[in-house]
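In order, the protein sequences belong to chains B and H.
Reminder that position 50 of the first sequence reads as 66 in our numbering, one-by-one numbering, no gaps.
Reminder that position 87 of the second sequence reads as 90 in our numbering, one-by-one numbering, no gaps.
Calculated from the structure, these hints are not laboratory results.
Accuracy of the hints is not assured; some may be wrong.
Away from chain B, derived, C-beta distances all over 12 angstroms, residues of chain H [unchecked claim]:
1) LEU46
2) GLY98
3) THR112
4) ARG115
5) VAL122
6) ALA136
Where chain H lies over chain B, by a calculated footprint (3+ residues, C-beta under 8 angstroms) [claimed, not checked]:
7) 64 to 78
8) 84 to 96
9) 104 to 114
10) 136 to 142
From the three backbone atoms N, C-alpha and C, an ideal C-beta is built for every residue, glycine too.
Below are the chains, spelled out letter by letter.
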Amino acid sequence: MAMSSAEPRRPASGPARRRGVVGWFDPRGRRLGGLAFIVNRLTGLGLVLYLYLHLGILSLLVQGPGAWDTFVDIALSPPFLLLDVVLLTGMLIHGLNGIRVGLVGLGFVASRQRALLISLMVVAAVVALVGAIRIFGD
Amino acid sequence: MTTDELPVQPPVAIQPPAVAEPAESTARGIPAFVGQVVSGVALIILLGLHMVAQHFVVPTGLRFYDDVIAWLRNPVVIVLEVAFLAFVTYHALLGVRAVLFDFGFSERTEGRITTALTVVGIATVVYGVILFAAILGAA
Numbered sequence: 017m018a019m020s021s022a023e024p025r026r027p028a029s030g031p032a033r034r035r036g037v038v039g040w041f042d043p044r045g046r047r048l049g050g051l052a053f054i055v056n057r058l059t060g061l062g063l064v065l066y067l068y069l070h071l072g073i074l075s076l077l078v079q080g081p082g083a084w085d086t087f088v089d090i091a092l093s094p095p096f097l098l099l100d101v102v103l104l105t106g107m108l109i110h111g112l113n114g115i116r117v118g119l120v121g122l123g124f125v126a127s128r129q130r131a132l133l134i135s136l137m138v139v140a141a142v143v144a145l146v147g148a149i150r151i152f153g154d
Numbered sequence: 004m005t006t007d008e009l010p011v012q013p014p015v016a017i018q019p020p021a022v023a024e025p026a027e028s029t030a031r032g033i034p035a036f037v038g039q040v041v042s043g044v045a046l047i048i049l050l051g052l053h054m055v056a057q058h059f060v061v062p063t064g065l066r067f068y069d070d071v072i073a074w075l076r077n078p079v080v081i082v083l084e085v086a087f088l089a090f091v092t093y094h095a096l097l098g099v100r101a102v103l104f105d106f107g108f109s110e111r112t113e114g115r116i117t118t119a120l121t122v123v124g125i126a127t128v129v130y131g132v133i134l135f136a137a138i139l140g141a142a
């Protein structure tokens, strides 16, 4: 039967339901690529926040060694070091997944993107772990 | 094919032509997608240099005030750091634009968002350059 305007529209449970920002947080029926898309957005937004936080903190250098050294003392406390690990992990996930998105979007390795994603996330996890050991070890 | 079955799901604002979307939005997304990829590649290099500089040039990392100032006095470092700031700002705000476009605003509002983010981006880089000058001037 040919489609006509009288036919019912796509059910509300389809992908159209998930369009928009609210849809990012709906994990139902998502495949690995969909989850990677959401994680890429969330890590990206976190990194944007960090960019402006970083610029704000660097302005302490204008106030001289006193202000800077006080900040460094705080930054070397365990809670801040944990944030460093979170930052490193976010950068690795966003950067490595970004490489996958770029490669696939430009037409490379599209058929193996799932394996590529898993491989890159394993690399991210290993580097984040080594980084965490070094951050807390120093 | 559902959206989730596509090879990747870049946002509409940065979609490459291979993703099945309405022709108009796909065509609009191509320059942004290419910009995101090019700036992303540049960031991998510049962020790598930034991280190596911050953590491996000095045994303790660039932690102490005098070490940071000495590092920033190198003209090559200034050029690299300003380039890093420019690329990271462009990449970040292009991403924010893609996120905002997901709200489904009108084309006119999307244009205003692009203009506003362009202003924010330029202001960010200018602030960074002024900050460099102020840090070195105060040292």
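Now for the hints, and whether the structure bears them out:
Non-interface call for LEU46 of chain H relative to chain B: violated, since the shortest CB-CB distance, roughly 8 angstroms, does not exceed 12 angstroms. For GLY98 of chain H, the non-interface assignment is contradicted: its Cβ lies about 5 angstroms from the closest Cβ of chain B, within the 12 angstroms cut-off. Distance check on THR112 of chain H: its Cβ is at least 14 angstroms (rounded) from any Cβ of chain B, clearing the 12 angstroms threshold; non-interface status holds. Here ARG115 of chain H stays apart from chain B, with its beta-carbon at least about 18 angstroms from theirs, past the 12 angstroms limit.
Every CB of chain B lies more than 12 angstroms from the CB of VAL122 of chain H, the least distance being 15 angstroms, so the non-interface label holds. Against the 12 angstroms criterion, ALA136 of chain H falls within the reach of chain B, whose nearest CB is about 10 angstroms from its own CB. Counting residues of the segment 64 to 78 of chain B whose beta carbon lies closer than 8 angstroms to any beta carbon of chain H gives 8, which meets the minimum of three for the stated coverage. Closer than 8 angstroms: that is the beta-carbon criterion, and the segment 84 to 96 of chain B has 3 residues meeting it against chain H, so the requirement of 3 holds.
Here the segment 104 to 114 of chain B counts 3 residues with a CB under 8 angstroms from a CB of chain H, which clears the bar of 3, and the coverage holds. For a cut-off of 8 angstroms, the count of residues in the segment 136 to 142 of chain B with a CB near a CB of chain H stands at 0, and the three-residue condition is violated.
In this structure, the earlier hints numbered 1, 2, 6 and 10 are contradicted, and the remaining ones agree with it.
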